[in-house]
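Enquirer: The residues making up each chain are set out below.
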Amino acid sequence: MADSALARAVRWDTVVGALLIVVLLLSFGTVDGFGNALNLSFLIGNTLPIALIALPMTLLVVSGEIDLSVASTAGLSGAVMGALWNEGMTIETIIPICLLLGVVCGLINGLLVTRLGLPSLAVTIGTLAAYRGIAQIVLGSDAVTDFPTQYLDFASGRIGDTFIPYAFLPFLVLLAIAVVALHATPFGRSLFAIGANEEAARFAGIRVKRQKLILFTLTGLMASLTGIFWALHYASARYDNATGLELSVVAAVLLGGIDFDGGKGTLGGAIAGVFLLGALQNVMSLQDVSAQSQIVVTGVLLVLSVLGPRVARQISVARAGRRAASAPTTS
Amino acid sequence: MTHRSDAGPAPVLALKDISKSFGAVRALRDVSLELFPGEVHALAGENGAGKSTLIKTLAGVHRPDAGQVLLDGEPTVFHGPADARDAGIAVIYQEPTLFPDLSIAENIFMGRQPRRALGRIDHKATHASTLALMKRLGVELDPDRPARGLSIADQQIVEIAKALSFDARVLIMDEPTAALTGSEVARLFGVVRTLREQGSAVLFISHRLEEIFRICQQVTTLRDGALISSEPIDGMTEDDLVRRMVGRDLDELYPKQDVDAGEVALSVRRLTREGVFTDVSFDVRRGEIVGLAGLVGAGRTEVARAVFGIDRWDAGEVELDGKKLTNGAPSTAMAAGLALVPEDRRAQGLVMDMSIERNIGLTGLRTTVKAGLMDPRAERSRSLDWAVKLQVKYARIADTVNTLSGGNQQKVVLAKWLATGPKVLIVDEPTRGIDVGTKAEVHRLLSQLAADGVAVLMISSDLPEILGMADRVLVMHEGRLTAEIPRSDATEETVMAAATGRAAA
Ligand SMILES: Nc1ncnc2c1ncn2[C@@H]1O[C@H](COP(=O)(O)OP(=O)(O)OP(=O)(O)O)[C@@H](O)[C@H]1O
Ligand SMILES: [Mg+2]
Chain Z
1 MADSALARAV RWDTVVGALL IVVLLLSFGT VDGFGNALNL SFLIGNTLPI ALIALPMTLL
61 VVSGEIDLSV ASTAGLSGAV MGALWNEGMT IETIIPICLL LGVVCGLING LLVTRLGLPS
121 LAVTIGTLAA YRGIAQIVLG SDAVTDFPTQ YLDFASGRIG DTFIPYAFLP FLVLLAIAVV
181 ALHATPFGRS LFAIGANEEA ARFAGIRVKR QKLILFTLTG LMASLTGIFW ALHYASARYD
241 NATGLELSVV AAVLLGGIDF DGGKGTLGGA IAGVFLLGAL QNVMSLQDVS AQSQIVVTGV
301 LLVLSVLGPR VARQISVARA GRRAASAPTT S
Chain G
1 MTHRSDAGPA PVLALKDISK SFGAVRALRD VSLELFPGEV HALAGENGAG KSTLIKTLAG
61 VHRPDAGQVL LDGEPTVFHG PADARDAGIA VIYQEPTLFP DLSIAENIFM GRQPRRALGR
121 IDHKATHAST LALMKRLGVE LDPDRPARGL SIADQQIVEI AKALSFDARV LIMDEPTAAL
181 TGSEVARLFG VVRTLREQGS AVLFISHRLE EIFRICQQVT TLRDGALISS EPIDGMTEDD
241 LVRRMVGRDL DELYPKQDVD AGEVALSVRR LTREGVFTDV SFDVRRGEIV GLAGLVGAGR
301 TEVARAVFGI DRWDAGEVEL DGKKLTNGAP STAMAAGLAL VPEDRRAQGL VMDMSIERNI
361 GLTGLRTTVK AGLMDPRAER SRSLDWAVKL QVKYARIADT VNTLSGGNQQ KVVLAKWLAT
421 GPKVLIVDEP TRGIDVGTKA EVHRLLSQLA ADGVAVLMIS SDLPEILGMA DRVLVMHEGR
481 LTAEIPRSDA TEETVMAAAT GRAAA
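Those sequence lines, one after another, are chains Z and G.
Each residue of the first sequence is one higher than the one before, counting from 1 in the UniProt record's numbering.
Each residue of the second sequence is one higher than the one before, counting from 1 in the UniProt record's numbering.
If we strip away everything but chain G, and leave its shape as in the complex, we get:
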């Protein structure tokens, strides 16, 4: 299974025959992995394959049931993330773990702030170091603003900055790019390349295969907790990698059906929320999938939130099937047939310690009711139905959603909203953290919904996804719609030009 002769450099960090179970779920079985200095190593696998569990074992969050963690060849036991950090291992977890009430700078330097005399925290130095990190990542975030309310992408940026803030010999990143758009990803990769040249070892997880091919030299594949292969990436094709991950050839990733667009279902007119977005107008017709592209912070999510009624708008109006929606009232929007799959599944999409069944059931509190009382049977069959349709991987439908892998949590959010049978579906990063196989499933599902007459508005930071699925692409830049591009003209160049404000459209 090892890929090198003894001649090469020694691995800085390695796992040997690691096993880890949660109850009856065997998340890892006899997995070995070696990380070498100056190498970016990809970890690939479907949702629930055990990638995050492996990372948490490396970082001392989980103790393996069997097997060893080797640091510089020596067996080591990390008693917690702090131990791993002291050994020079920086970890970016899949789910951001920021303290909402602390500032960005405080989050980044948590517990290791620069000190002044008498042990007082040196706020100036903290502020300056944070600014420097932000500059390195090419983003503009105020170091002093609290983490509460940051978009998922910004939270990821802060997590990345946190990991980069000390000189790590090993950098481990669990889906750091899931909510980032092209330019932020490019910046991150620039930093990763520098680290690699300086001799750091990097472990990288992403469900965007093109990223793996862009930045990695070595790839290890897991399937159902077992090691499938570990090999150099040179000479591999995407199809090879997919076959190792899913054990079969993949169907088409963007199965877009041609649909003749019907009447206008969702009409947004001159919508403005001061300081957030301005004068946004567009229609989505029945049968259409409209893509909404733009850089992180362009205001895409904010428009979706306002349309659904989470935030109030200051001017303009929204019509669904010709009927005006009430400002700031999600329940009426929902009753009118609107659904929003939000971007942040942990904070907005799910009640983490409620069961899968009841999470899906939350959107059915009006329908799975008999004589004013909950109808538990109807609720269960509705939830089961959609959990199965979306192939959620779970042990029991009554298990809490925090026992699911990230991708499977995302499927539960989708299930929850598709179960409402919406007329207009807004999806914000619908495939964030979802594996290629399931991504194709979700795309097929969206395409099928459109074919059945649903109007779909899809926000995505994954440009190939927008290009592959959208009939029309709307592009936002700094709170305004800057372009509307029909499918035939939509290319990476035209969309990116509009997104960065360079468009003549």
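Looking at chain Z on its own, in the form it has when it is part of the complex:
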């Protein structure tokens, strides 16, 4: 039992969780303007788009796939939302249409990957460009800003004087659903098997292609939800909304210990990674670090996140080895 406690101590997702707490505590103490409720609500609100997409992305990476078109899907659904609003449609009709659009985007990715057997990295780099291009065709260089105020307020406001944005509450519900789906259902279990050894998963009667298709579709849906949230949160629907968001999402998810090769990781780790990245970005903005430098930091984190879990694993293997060597030699 002592072994497993030790092994757990160096598990990467725990490390990231601890790191998040350390960064928050340090920032409270040392960064001016960090600890007040308003700033914290900004931190959370600005991190929510990454967090929302990180939910399905985590499941996708666990199953050994990736979707880089998410930010473009988000941008496309924001653009369509703006265009339809200009046409005079009600927001209650527009939102379902946009969500459906996200489903279609995800389905296209999924079909290309599962039916044609193309690598998801290549497919979604292609649709990354395609979906963004369509967004530009749909909305041009317009910026639509005059959405109904109650929606804008919901997407950017917070509960009273607390640090909790309204939108954080539905996110928590989605998070709970995703945690259960990945860690407590047969579906989630099958994703780990697919990611670790797809052939063995097929031999165990797991419907690999179907599961992947479901995942890509869900990812498209969440990406368009994020696009809608983004347009309302920043009160601006433009074709280039959320550009580059996929990098932050992938960086955060890998930082949270989801193995790029598939088959390993926890959603808790991924979300800790997301908010760690969000907190760092917030602190850097408060310290007037330039946007370019922030991108460099994200890049460095991405490299660290790929190295970190490996180093952690090696440490725990080395410890196991040392334990074995020092074990008594009588049985």
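Straight line, CA to CA, 20 Å or less: simulated SDA-like cross-link-like pairs of lysine to any residue:
1. LYS209/Z to VAL104/Z
2. LYS209/Z to ILE310/G
3. LYS393/G to ARG248/G
4. LYS370/G to HIS183/Z
5. LYS209/Z to ASN327/G
6. LYS393/G to VAL246/G
7. LYS370/G to ALA184/Z
8. LYS124/G to SER165/G
9. LYS370/G to ILE177/Z
10. LYS423/G to ARG285/G
11. LYS209/Z to LEU116/Z
12. LYS209/Z to ASP311/G
13. LYS209/Z to ARG366/G
14. LYS370/G to ALA176/Z
15. LYS389/G to VAL442/G
16. LYS323/G to ARG312/G
17. LYS209/Z to SER331/G
18. LYS135/G to SER151/G
19. LYS324/G to ASP279/G
20. LYS209/Z to THR326/G
21. LYS209/Z to ARG312/G
22. LYS393/G to VAL442/G
23. LYS135/G to PHE189/G
24. LYS370/G to THR185/Z
25. LYS393/G to ASP353/G
26. LYS209/Z to THR332/G
27. LYS423/G to THR326/G
28. LYS209/Z to LEU365/G
29. LYS209/Z to ALA329/G
Which bits of chain G does chain Z cover? Going by a derived footprint, with three or more residues having C-beta under 8 Å, they are:
30. 324–334
31. 342–348
32. 364–376
No lab work stands behind these hints, which were simulated from the structure alone.
Note that CB positions come from ideal geometry on N, CA and C, so glycine has one too.
Based on the hints, put chain G with the ligands in the right spot on chain Z.
Expert: Relative to chain Z, chain G with the ligands alone:
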């Protein structure tokens, strides 16, 4: 413990008082072993006895916790397999270690390809040397095809070719024959004899005892990591050897019960997959064990894969209990009561870095569920139940399967499928790498399943196993069924004749 006077030749390679532990598992304790030139030395022992660990220690994969490796009498430390290779030690590991994206030739000559001017790789020479090796082993494999997708038997052949590709003073082979049929084994043994006559020392592991008696002069037995004996094989009987391995007398190896066959459970009609197998028709009845024999490459595994739905078939149909199975859909085949224990446990049977519990659990994702959620308690008890029934040797059920010995991994694959309670069970090399004691257990289990009304189709390269267990033997040759032989007429001769296409049946 040593078996010779100082008069004889000196050992080329020796282990002295070697110990090695993995966590709490003591895989080797104070084991010594000497390999002499011109001698084939057998290493025997049950699954998990420590044979592979000993070999990996000899080859520099593992560092011993205590003890010495002696090369020509001098204490040596191998820092890795490359060191051992440079010392003239060729090793065939139990689990093939080929690079799937490299060609067969590239795999064989990995890192030591013949060169042309300016250090460019001489592909022609590589190709030619590979062909020559294949010829020596009597197999037809295209040197330029990638290793991906090779059957387990072919992978083993490539590993053997790799080991033979340089002039080794010491050849170490960990279960090289586990997936081979009689004729390939005969070829391999021919090569081994030549090497021995040239003065190489050979260490050989196999769970097929008759092979040990055929080719070896000396046998060392391990039990639970400890050395039991090291002695000449002359005058020993199989029973003697088994007693040393398992510490007791063995029950019957082929405990076949007589069962009256019931209705047809699995019916395969005119099944064809172009270029792979053609017009294959057969039935398996409830209570029957049907053996499927044939040479490596005859298409036996491919038929099993198609029936289960891993590969699509081009023509024909498959019925289970009178209901047609969907083409290319393992999940529906499974739901209908079909189970397939695949031949390649590492690639197809197991998720190597998942726990024993969850590997067995993978076939229960539909059953160990409560209100749509996994029921961890049900999953654990199902997995434990079968791990215990098959006597899997493990430290904790939550340990990953890659910490298990080869034979114990195989038991986990069996457990995983038996846990589904199948109506029709297809087993592809069910006892590959399993020790005699457990082999008898597996056979008893198959026999019991049949007696309980399960229809069993057993693919095996181990002819005695087919003859001992099958009610009927189907034989394939080059993608076609060439014979159906009832138990009473099945002999080594009739089966081999059909398998090589010489049958009049
Ligand atoms: N990397 C490892 N980590 C932990 N335990 C291990 C590891 N490798 C081997 N073992 C354990 O050491 C013991 C001996 O294993 P080994 O593979 O040497 O057995 P073996 O005699 O080759 O068996 P088999 O006939 O099944 O191949 C087993 O109990 C096994 O579980
Ligand atoms: Mg072994």
